[in-house]
Amino acid sequence: MKLVRFLMKLANESVTVELKNGTVLTGTVMGVDISMNTHLKNVKIVNKNSGSGSEPNYILLDHLTVRGNNIRYFILSDSLPLDTLLIDDTPKQKPSRVRAPLTRGRGRGRGGAIRGRGRFAGGRR
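Anchor point for the sequence shown: position 34 equals 53 in the working numbering, and the numbering is continuous, going up by one each time.
These are computed hints drawn from the structure, not numbers from a lab.
A couple of the hints might just be wrong.
What the hints assert, rightly or not - Simulated crosslink set (DSS-like; lysine-lysine; CA at most 27 Å straight-line):
hint, residue 1, residue 2
1, Lys60, Lys21
2, Lys39, Lys67
3, Lys28, Lys113
4, Lys111, Lys21
5, Lys60, Lys39
6, Lys67, Lys111
7, Lys111, Lys39
8, Lys21, Lys113
9, Lys39, Lys28
10, Lys39, Lys63
11, Lys28, Lys60
As the list claims (entries may be wrong) - Derived CB-CB ranges, DEER-like:
hint, residue 1, residue 2, range
12, Gln112, Lys39, 30 to 36 Å
13, Arg118, Gly41, 17 to 23 Å
14, Lys21, Asn76, 34 to 40 Å
15, Asn61, Lys113, 41 to 47 Å
16, His82, Arg116, 44 to 50 Å
For glycine and all other residues, C-beta sits at the position ideal for the given N, C-alpha and C.
Just need the whole structure built from these sequences, with the hints factored in.
Below you can see the structure in the form of structure tokens.
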């Protein structure tokens, strides 16, 4: 199973996401698309440059969308049932047979009904 397919099953689960720039996001997954873009709700953002000052070093947001290529890690809860999430329940598609084309190829055979340069198929005139 591809990682993205697994992440798509994490809807309504609480996760922590670390971005490539070091920012840490904690929230509930609303959805993940095929490009790994992640939609979170009730998000707490902790900046990588958060110092030990007296002011709070985080931001709270209702909704946030993170572009997939900016994500470094997904940190999952220990209580997450991985064995049920990792089961690949998508039906396997049978490979479709390649059908031979109905027309002949453009090779250089002898004669035939279709000829080039506007000549008819019966020979020289």
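Hints, one by one, checked against the model:
no., hint, result
1, Lys60 / Lys21, "24 Å, holds"
2, Lys39 / Lys67, "10 Å, holds"
3, Lys28 / Lys113, "24 Å, holds"
4, Lys111 / Lys21, "14 Å, holds"
5, Lys60 / Lys39, "20 Å, holds"
6, Lys67 / Lys111, "43 Å, violated"
7, Lys111 / Lys39, "34 Å, violated"
8, Lys21 / Lys113, "19 Å, holds"
9, Lys39 / Lys28, "23 Å, holds"
10, Lys39 / Lys63, "17 Å, holds"
11, Lys28 / Lys60, "16 Å, holds"
12, Gln112 / Lys39: 30 to 36 Å, "34 Å, holds"
13, Arg118 / Gly41: 17 to 23 Å, "53 Å, violated"
14, Lys21 / Asn76: 34 to 40 Å, "35 Å, holds"
15, Asn61 / Lys113: 41 to 47 Å, "43 Å, holds"
16, His82 / Arg116: 44 to 50 Å, "46 Å, holds"
In summary, the structure is inconsistent with hints 6, 7, 13 from the numbered list given earlier, while agreeing with the others.
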